[in-house]
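*Asks:* Chain residues, written in single-letter form:
Number of protein chains: 2
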Amino acid sequence: MSITARRVGDDDPGVQMSESAAPAPLLTEIDHIAIAVPDLGAAIDYYRDTFGATVDHREVVESDGVEEALLKVAESYVQLLTPTRDDSTVAKWLANRGGPGIHHVGYRVADCAVALESVKAQGFRVLDDAPRPGSRGTTVAFIHPKDALGTLIELVQE
Amino acid sequence: MSITARRVGDDDPGVQMSESAAPAPLLTEIDHIAIAVPDLGAAIDYYRDTFGATVDHREVVESDGVEEALLKVAESYVQLLTPTRDDSTVAKWLANRGGPGIHHVGYRVADCAVALESVKAQGFRVLDDAPRPGSRGTTVAFIHPKDALGTLIELVQE
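Chains as they are written, first to last, in this note's numbering: chain A, 1 to 158; chain B, 159 to 316.
Incorrect hints may have been included.
To be verified - One-sided excerpt, in silico: chain A residues whose CB lies under 8 Å from chain B: (1) Asp49; (2) Ala53; (3) Ala74; (4) Glu75.
Said to hold, decoys possible - Below, a sample of chain A positions facing chain B; criterion: calculated Cβ distance under 7 Å: (5) Ala43; (6) Ser118; (7) Leu149.
Unchecked claim - From chain B, some residues computed to sit far from chain A (all C-beta separations above 10 Å): (8) Val219; (9) Ala249; (10) Phe300.
Hints listed in this document are in silico derivations from the structure and should not be mistaken for laboratory results. Since we're looking at a predicted model, the values are computed, not measured. Beta carbons: idealized from backbone N, C-alpha and C, even for Gly.
Work out the full structure, taking the sequences as your base and the hints as a guide.
*Replies:* Right, here's the structure in full:
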């Protein structure tokens, strides 16, 4: 991963833009809210028993060291996420936090590459320098939370 | 345990559920993802300049000691949230965390009282014992995060 983008001024994030115009709206849907948990089965039970929400899709993402269960809510998902190995970033996140919690938000976009370029054009750091495959056949890229209001953001193209 | 929660607007006239049965689906939409920030203006600028997302609604909620800006994404919102006084829970949350981040998730429900009853019927703690007014004319109730996968959940009825 090559991080070349740096934010210049904290108080004026728009200062690097060559033009003052904001981009056309890039976010088409809250794709998912991701909740990292140590016990995926217990988390699925919680959402079923409390809210009647059931699993629409379940997948192991080997490259990220996670297993996820997606619960469909309208056109969005609640993504329950658990590590499949100790060296996955989600395993470390759970250990640091000391328990489950909201891990990241996924914003759906029409074109992941275009949205990622918009982030880079603002001088903000990214975790994925180029779009890559995500779960359920999506194309995704993560933005660095330190440059995004402390929020780990995943850009998701279906 | 007798679950009397019923889904409003469902064709089903309301079946008394047995102990083991999950409730009918209660979550109709991810209403919002709430991001707590120390500087609301800078946060609004970030979403406008990076994603072309603009403010749909802005409101001070005196009872909670917060000001919020709602950015509409399809039928959901990104809620940017900042404290208006030092003793607000969001001010304390920001101080504890040391910076901005995802604060809670709002799930839209047809009937806040019904959804809250379902949570209580499972034996889970709540922060609001009864539904109360939220921003933009909604009716809301918060669930205790310790009993909800470390996730602060707001139930939102429009």
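*Asks:* Double-check A/Ala74 for me: the hint is only fine if its C-beta lies closer than 8 Å to a C-beta in chain B.
*Replies:* A/Ala74 check passes; min Cβ-Cβ to chain B is 5 Å, inside 8 Å.
*Asks:* Hint check: is the beta carbon of A/Leu149 less than 7 Å from a beta carbon of chain B?
*Replies:* 5 Å, holds
*Asks:* Using Cβ atoms only, decide whether A/Ala43 comes closer than 7 Å to chain B, and label the hint accordingly.
*Replies:* Given a least distance of 6 Å, the restraint on A/Ala43 holds.
*Asks:* Does the interface hint hold: is A/Ser118 within less than 7 Å of chain B, judged Cβ to Cβ?
*Replies:* Check passed: Cβ of A/Ser118 comes within 6 Å of chain B, closer than 7 Å.
*Asks:* Report holds or violated for the interface hint on A/Asp49, using the least CB-CB distance to chain B and a cut-off of 8 Å.
*Replies:* This interface hint holds because 6 Å falls under the 8 Å limit.
*Asks:* Would the least Cβ to Cβ distance between B/Val219 and chain A come out above 10 Å?
*Replies:* 20 Å, holds
*Asks:* Measuring from the C-beta of A/Glu75 to each C-beta in chain B, is the shortest one below 8 Å?
*Replies:* This hint holds: A/Glu75 lies near chain B, its Cβ roughly 7 Å from the closest one there, short of 8 Å.
*Asks:* Would you check whether the claim that B/Ala249 is not at the interface survives, using Cβ distances to chain A and the 10 Å cut-off?
*Replies:* At about 15 Å from chain A, B/Ala249 clears the 10 Å cut-off, so the statement holds.
*Asks:* Regarding the assertion that B/Phe300 does not contact chain A, is the least Cβ-Cβ distance greater than 10 Å?
*Replies:* 14 Å, holds
*Asks:* Are A/Ala53 and chain B close enough, Cβ to Cβ, to be under 8 Å, as the hint says?
*Replies:* 6 Å, holds
Consistency with the previously given hints is maintained throughout, with no hint failing.
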